[in-house]
Amino acid sequence: MTAYGKGNIKVKCKSYDMVFIEWNDDFNPFNKNNTNVYFLHVTTVNNEFFTDMISCHYHSIKGLKPNTPYTISLWGVDNDHHIFVSKPLNVRTNGKRTPLPVTNISLNLKPEAKHYEGDLQWTPAKDLSCFYEIMVFRMDFSFTNVDNIPPPQIYDIIPTPELFTIHIEKLEFGYPYDVLIKSRGSESGRTSDNIRYTFRIPSCLAAHQNLTLCAPAKPENFTVLEIPCSGVDETETDLFDIQLAWSRPSLIPDYYIAELVVYNTSNHVSANTNMTIPGEKYDAIFRKMKIGASYQVHLQAISSGGKSPRAILNRFSIPPNGFVPKLFGEKNKSETSRHSEDGKMMRIFIGTISILLVFVISSTLVIYTRRRRQYSKKIEINEKEILEKQFSKSIFHQIGKPDKWEIPFEKLSFQSHLGEGHFGVVYSATLGGKPVACKILKDHDVKII
Numbered sequence: 143m144t145a146y147g148k149g150n151i152k153v154k155c156k157s158y159d160m161v162f163i164e165w166n167d168d169f170n171p172f173n174k175n176n177t178n179v180y181f182l183h184v185t186t187v188n189n190e191f192f193t194d195m196i197s198c199h200y201h202s203i204k205g206l207k208p209n210t211p212y213t214i215s216l217w218g219v220d221n222d223h224h225i226f227v228s229k230p231l232n233v234r235t236n237g238k239r240t241p242l243p244v245t246n247i248s249l250n251l252k253p254e255a256k257h258y259e260g261d262l263q264w265t266p267a268k269d270l271s272c273f274y275e276i277m278v279f280r281m282d283f284s285f286t287n288v289d290n291i292p293p294p295q296i297y298d299i300i301p302t303p304e305l306f307t308i309h310i311e312k313l314e315f316g317y318p319y320d321v322l323i324k325s326r327g328s329e330s331g332r333t334s335d336n337i338r339y340t341f342r343i344p345s346c347l348a349a350h351q352n353l354t355l356c357a358p359a360k361p362e363n364f365t366v367l368e369i370p371c372s373g374v375d376e377t378e379t380d381l382f383d384i385q386l387a388w389s390r391p392s393l394i395p396d397y398y399i400a401e402l403v404v405y406n407t408s409n410h411v412s413a414n415t416n417m418t419i420p421g422e423k424y425d426a427i428f429r430k431m432k433i434g435a436s437y438q439v440h441l442q443a444i445s446s447g448g449k450s451p452r453a454i455l456n457r458f459s460i461p462p463n464g465f466v467p468k469l470f471g472e473k474n475k476s477e478t479s480r481h482s483e484d485g486k487m488m489r490i491f492i493g494t495i496s497i498l499l500v501f502v503i504s505s506t507l508v509i510y511t512r513r514r515r516q517y518s519k520k521i522e523i524n525e526k527e528i529l530e531k532q533f534s535k536s537i538f539h540q541i542g543k544p545d546k547w548e549i550p551f552e553k554l555s556f557q558s559h560l561g562e563g564h565f566g567v568v569y570s571a572t573l574g575g576k577p578v579a580c581k582i583l584k585d586h587d588v589k590i591i
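Numbering of the sequence shown is given in my numbering, commencing with residue 143 and proceeding in unit increments.
Do not take every clue at face value.
Straight-line distance between alpha carbons at most 30 Å, and here's what the computed DSSO-like set of lysine-lysine pairs gives [unchecked claim]:
(1) 256 with 449
(2) 360 with 430
(3) 449 with 430
(4) 154 with 360
(5) 360 with 449
(6) 152 with 256
Derived CB-CB ranges, DEER-like [as the list claims (entries may be wrong)]:
(7) 153 with 250: 17 to 27 Å
(8) 296 with 425: 44 to 54 Å
(9) 252 with 221: 33 to 43 Å
(10) 420 with 265: 50 to 60 Å
(11) 255 with 230: 47 to 57 Å
(12) 311 with 345: 17 to 27 Å
Worth flagging that the hints you see were computed from the coordinates, not collected in a lab. If you're wondering where the values come from, they're calculated on a predicted model, not measured in any experiment. Positions of the beta carbon are idealized from the N, C-alpha and C atoms, including for glycine.
Modelling step: build the complete structure from the supplied sequences, incorporating the hints.
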């Protein structure tokens with residue numbers, strides 16, 4: 143039994159030498175549960191052929207001619223020996239030209255325990271290109287750990303049932319990504335312009351809201367307050383209570399670590415003091431600290447999922463007695479005044495020496511020039527006499543003699559006037575009995591009207 147015109151086939155994609163055809167699994171009009179085998183009937187103006195047997199619901203017809211119309215039909219046979227034929231499909235292969243770029247890029251993200259995965263999809267252009275080149279870059283603008291930036295993931299897509307989509311693995315939490323997609327006319331043909339698609343992966347905490355899997359967030363609204371300790375002698379080094387405060391997070395970490403880093407400006411070293419703070423607290427105090435002129439305070443949240451980024455504050459302390467300690471490379475007022483006065487005297491001294499040197503050099507040049515003129519004497523030279531002595535028998539005696547290739551004027555016998563040009567008159571003449579044309583040159587060109 144044979145059924146004609148049952149079901150439709152469609153073009154998934156095409157190139158200049160190939161067409162990719164697909165159809166539904168339930169194509170059999172007799173019994174959709176039967177096992178089917180298929181083949182495609184391809185016809186053109188001057189040729190027709192059948193493909194090999196096909197056991198799936200898609201097939202690539204290769205070896206076609208560029209920019210050529212084809213009619214394609216699907217034939218199927220089930221295990222009950224029923225035959226069914228699709229409606230014919232008319233399709234034209236692409237020409238050998240640069241393919242059009244893709245459109246409508248989208249991304250469907252799915253969080254995993256330690257990263258994200260995503261399905262990237264796009265819509266082909268009107269030329270329905272089958273081949274694509276795709277690059278996925280993780281962007282990192284901090285440049286703090288360049289060695290750990292992964293190389294781009296590169297995908298070279300060929301015709302498959304899942305065409306126009308790729309699955310991207312191991313997208314890291316919290317990073318931005320760039321995707322570049324370009325169409326390709328064939329497996330090794332021309333490519334379209336790149337189309338760029340950017341996206342950012344959410345942080346682990348935003349995805350899971352779980353401090354067992356993820357590190358806590360960076361402490362927010364971190365502040366430091368200096369409180370002078372009472373009862374301390376003003377002549378001694380000042381002591382301060384350093385009070386820390388920050389916002390209470392929605393997810394409580396296991397604990398915090400606060401670190402006070404005090405810089406010693408005299409020898410450029412630092413002294414560190416650490417403090418562990420329970421996770422439910424959102425304030426703390428470093429008591430009776432010698433903080434000097436400048437210091438830093440670090441605060442970091444810790445959980446079983448990891449460590450948060452550090453919150454860091456730089457502080458410059460001004461003690462109550464009004465004395466401002468020196469920062470790195472800074473001088474007090476007396477030192478500044480003395481160094482300023484020394485610098486002024488040095489500039490005056492250097493300027494005076496420079497003026498004296500210029501005066502001495504200028505005077506020396508003037509005196510030298512005058513003395514040179516006084517003792518110099520002009521030498522009279524008879525150029526004609528020198529030339530006659532040196533060249534009397536080599537050059538001047540040749541003047542008036544005919545050139546090697548010069549024809550003596552008296553050997554020419556002029557016949558008639560032939561014409562006249564810018565640089566002379568042309569005559570008909572004879573030389574040794576042979577007719578010749580002779581041009582008598584002028585010493586300058588004359589415009590002929």
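Structure-based check of each hint:
1. Of the pairs offered as hints, the one joining residue 256 and residue 449 holds, with about 15 Å between alpha carbons and a cut-off of 30 Å not exceeded.
2. A hinted pair counts as satisfied when its Cα atoms are at most 30 Å apart, and residue 360 with residue 430 qualifies at roughly 27 Å.
3. Of the pairs offered as hints, the one joining residue 449 and residue 430 holds, with about 28 Å between alpha carbons and a cut-off of 30 Å not exceeded.
4. Annotation: proposed proximity of residue 154 to residue 360 is violated, straight-line Cα distance about 49 Å (limit 30 Å).
5. Distance check on the hinted pair: residue 360 and residue 449 sit about 9 Å apart at the alpha-carbon level, within 30 Å; holds.
6. Note on residue 152 and residue 256: the hinted pairing is violated, with a Cα-Cα distance of about 41 Å set against a maximum of 30 Å.
7. For residue 153 paired with residue 250, a C-beta distance near 25 Å keeps the hint of 17 to 27 Å intact.
8. Residue 296 and residue 425 have their C-beta atoms about 51 Å apart, which keeps the hinted 44 to 54 Å range intact.
9. Distance hint for residue 252 and residue 221: a CB-CB separation of about 39 Å, consistent with the stated range 33 to 43 Å.
10. Roughly 54 Å separates the CB atoms of residue 420 and residue 265, a value that falls within the hinted 50 to 60 Å.
11. Range check, residue 255 to residue 230: Cβ separation about 52 Å, and the 47 to 57 Å hint holds.
12. Between residue 311 and residue 345 the Cβ separation comes to about 19 Å, which falls inside the hinted range of 17 to 27 Å.
In the structure shown, a violation is registered for the earlier hints numbered 4, 6, in ascending order.
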